[in-house]
Amino acid sequence: MNAHINIIPLFVIIPLAGAFLTSLIGRFCKKLSDLIGNVVTMTLFMFSLYAVYMANKFQVLVYEVGGWRPPFGISLVLDGLSGFMLVTINLIAFMITIFAINYMEKFTTKWKFYTLFLLMLAGMNGVVITGDIFNLFVFLEIASVASYALVAYGTEMDELEAAFKYTVMSSVASIFVLLAIGILYAYAGTLNMADLAGYLSQIPNAIVIKFVMILLIMGFGLKAAIVPFHAWLPDAHPSAPAPISAALSGVVIKALGIYSLVRIFYNIFGVRQEMLNIFAFLGVLSLMVGVLLAIGQWDLKRLLAYHSISQVGYIMLGIGLGTPLGILGGLFHLFNHSVFKSLLFLTSGSVEYTTGTRNLEEMGGLREKLPVTANTNFIASMSIAGIPPFNGFWSKLVIILACLQAGKPGYALWAVVGSILTLSSFMKVQKYAFFGKLKEKYTNLKEVPVFMTTAMIVLAIVCIIGGILILPGVERLFIQPAVDIVVQGAKYKDIVMGALR
Amino acid sequence: MSIYFLDFILLSIGLYCVLRKRNLIKIIIGLIICEYAVNLFLILIGYKLNGRSPLFSPGMEIKNMVDPLPQALVLTSIVISLATTAFVIALAVRIYQKYKTFDITKIRRLRG
Chain A
3 MNAHINIIPL FVIIPLAGAF LTSLIGRFCK KLSDLIGNVV TMTLFMFSLY AVYMANKFQV
63 LVYEVGGWRP PFGISLVLDG LSGFMLVTIN LIAFMITIFA INYMEKFTTK WKFYTLFLLM
123 LAGMNGVVIT GDIFNLFVFL EIASVASYAL VAYGTEMDEL EAAFKYTVMS SVASIFVLLA
183 IGILYAYAGT LNMADLAGYL SQIPNAIVIK FVMILLIMGF GLKAAIVPFH AWLPDAHPSA
243 PAPISAALSG VVIKALGIYS LVRIFYNIFG VRQEMLNIFA FLGVLSLMVG VLLAIGQWDL
303 KRLLAYHSIS QVGYIMLGIG LGTPLGILGG LFHLFNHSVF KSLLFLTSGS VEYTTGTRNL
363 EEMGGLREKL PVTANTNFIA SMSIAGIPPF NGFWSKLVII LACLQAGKPG YALWAVVGSI
423 LTLSSFMKVQ KYAFFGKLKE KYTNLKEVPV FMTTAMIVLA IVCIIGGILI LPGVERLFIQ
483 PAVDIVVQGA KYKDIVMGAL R
Chain B
38 MSIYFLDFIL LSIGLYCVLR KRNLIKIIIG LIICEYAVNL FLILIGYKLN GRSPLFSPGM
98 EIKNMVDPLP QALVLTSIVI SLATTAFVIA LAVRIYQKYK TFDITKIRRL RG
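Line by line, the protein sequences give chains A and B. The opening residue of the first sequence carries number 3 in my numbering; numbering runs sequentially from there. The opening residue of the second sequence carries number 38 in my numbering; numbering runs sequentially from there.
The hints are simulated quantities; they were obtained by calculation from the structure and are not laboratory data. There's no promise every hint is true.
What the hints assert, rightly or not - Among chain B residues calculated to face chain A with C-beta under 8 Å, some are:
1. Val75
2. Arg131
3. Tyr136
4. Ile144
Stated by the list, open to error - If you anchor each label on the Cβ, the simulated ranges turn out as follows:
5. Ile422(A) - Ile80(B): 52 to 62 Å
6. Leu81(B) - Ile216(A): 18 to 28 Å
7. Arg148(B) - Ile216(A): 24 to 34 Å
8. Gly191(A) - Lys137(B): 50 to 60 Å
To be verified - Partial list, computed: chain A residues near chain B (C-beta under 7 Å):
9. Phe136
10. Val147
11. Met159
12. Asp160
13. Leu162
14. Ala165
15. Ile177
16. Leu181
17. Gly184
18. Asp237
By construction, the Cβ of each residue, glycine as well, lies at the ideal position given by its N, Cα and C atoms.
Pulled out of the complex, with its shape left as it was, chain A reads as follows (with noise of 0.2 Å):
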């Protein structure tokens, strides 16, 4: 069709190749392995942005891997949501891995850390951009089989405990999203999202569809930490050195789990209300247990990680609604706890890495002495408690708006009592780790190094400017595409059979 569409495998090949690039240089020159991670994220962010522009003047573009065409060959497919996605992934991406150049000084085999890292995100970027539901659990598989390792990259006891944990668990959610698209295959005899949404759409009602629609809620729901699936992120999460702990909170559990979740129940399934209450359910769920485990934590990360399953359940609550309006608030929600949430990560790791410790309460007016760690930190905080003019405040508000124009009050409400308490425990993490009285051990400490800096003062500049993308007129160049696409329901098949002729 058009020239522009060979960008589209690229976001995939770029962080193989560099991957592969890393674990063969890296060992032999370190300065090489930094150099590699950076550019390849830094180039990737710089396509998702073109891939966005492009996703918005084209609305679908699909790509023939080995130009067989759909539905007998993988497709990729670059619509408004994927574009979405890539962005958010990316820029997260692109921030880690500046923030890693000093972290990860301090772990002896760096070129390690990217070769899995650059490996996850080949796997995420390929989970948003396939059209193929299998290819979606091979790069699904791809992305958590790097992540196991990334949490055990510590080596020590409790990092071992935890990546066990976290293996089995996921492990099991990929059988069950396995046997899913095997039944799913068995009933319509495709796998590719567009021709089963249309085979699908023949057949609604069929009790083996809601059969797999159970498997797949466990199975994602697994890889997203939705409450009653989520024991294993308090350990995982935590037990990752900081650089790899905001990736995984900030868009592992996204990619992996909420745009599955979203693909396969509104494009696929198309909308379908008792599925809907079951994630406005789930999503409510999810946000008062997540706060409310939070607030007795002392450990800062573990605090944190708390904190990623309660956001989850915002995220949820509003595509649950299934409401234009309630779509729009969890997307947008989405990116920003991406922003505030990774920044929250590399901020306890820039305590962690010049304190030595993680715990609230050997901590204590670390202000004074790490001045741009403490800021980062206020604005991240003030963002994820919802505090004006932070960007977390608006897409609750949205939420919160969209709970009540879709009639449901007792929603609203749970989410407003969430967002207080989410204040609470962030007070406490401000009051014992940045203000009060400054400990004497601490006295010698110095801010950390330029390039930490630079990645947490990038991140809280995009949460504080966050907000402007909701704005009437500029929410057209990044959120209302990917409203449309998810709003369009089981019409998804006929944009992508359109965009092939």
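Keeping the supplied structure of chain A fixed, place chain B upon it in accordance with the hints.
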């Protein structure tokens, strides 16, 4: 139909093993049983009684071919489960070196 039912029982055995066993190695074996059950299910989708291989050549009539796609899917899924299994066994070895036990009730440093 009964063969699908037997396959489902195999999957349930694997899940029971993952959920109830306390030994790390037994949990891994449960995981492997689950993966086998799902792979077997994929193979059963494509299977046909007295089917022939899906090769097309001139002068041959196309009938009763087995579906080749699930076989390709199973190969991919076997490779993936190989990677996961190798990783999780390496993890179990490292855990044994640190904790000197395979009992998950004694490997409980993270909680709360």
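Hints and how they fare:
1. Val75: Constraint on Val75(B) satisfied, holds at 5 Å.
2. Arg131: holds, 5 Å
3. Tyr136: holds, 7 Å
4. Ile144: Status holds, d = 5 Å.
5. Ile422(A) - Ile80(B): 52 to 62 Å: holds, 54 Å
6. Leu81(B) - Ile216(A): 18 to 28 Å: holds, 21 Å
7. Arg148(B) - Ile216(A): 24 to 34 Å: holds, 30 Å
8. Gly191(A) - Lys137(B): 50 to 60 Å: Taking Cβ atoms as reference, Gly191(A) and Lys137(B) lie about 52 Å apart, which means the hint holds.
9. Phe136: Holds: closest Cβ of chain B sits about 6 Å from Phe136(A), inside 7 Å.
10. Val147: holds, 5 Å
11. Met159: Result: holds, 5 Å to nearest chain B Cβ.
12. Asp160: For Asp160(A), the interface hint holds, since the closest Cβ of chain B sits about 6 Å away, which is under 7 Å.
13. Leu162: Interface hint status for Leu162(A): holds (5 Å vs cutoff 7 Å).
14. Ala165: holds, 6 Å
15. Ile177: Hint on Ile177(A): holds, closest Cβ of chain B at ~5 Å, below 7 Å.
16. Leu181: Status holds, d = 5 Å.
17. Gly184: holds, 5 Å
18. Asp237: holds, 5 Å
Of the hints listed earlier, there is not a single one the structure fails to meet.
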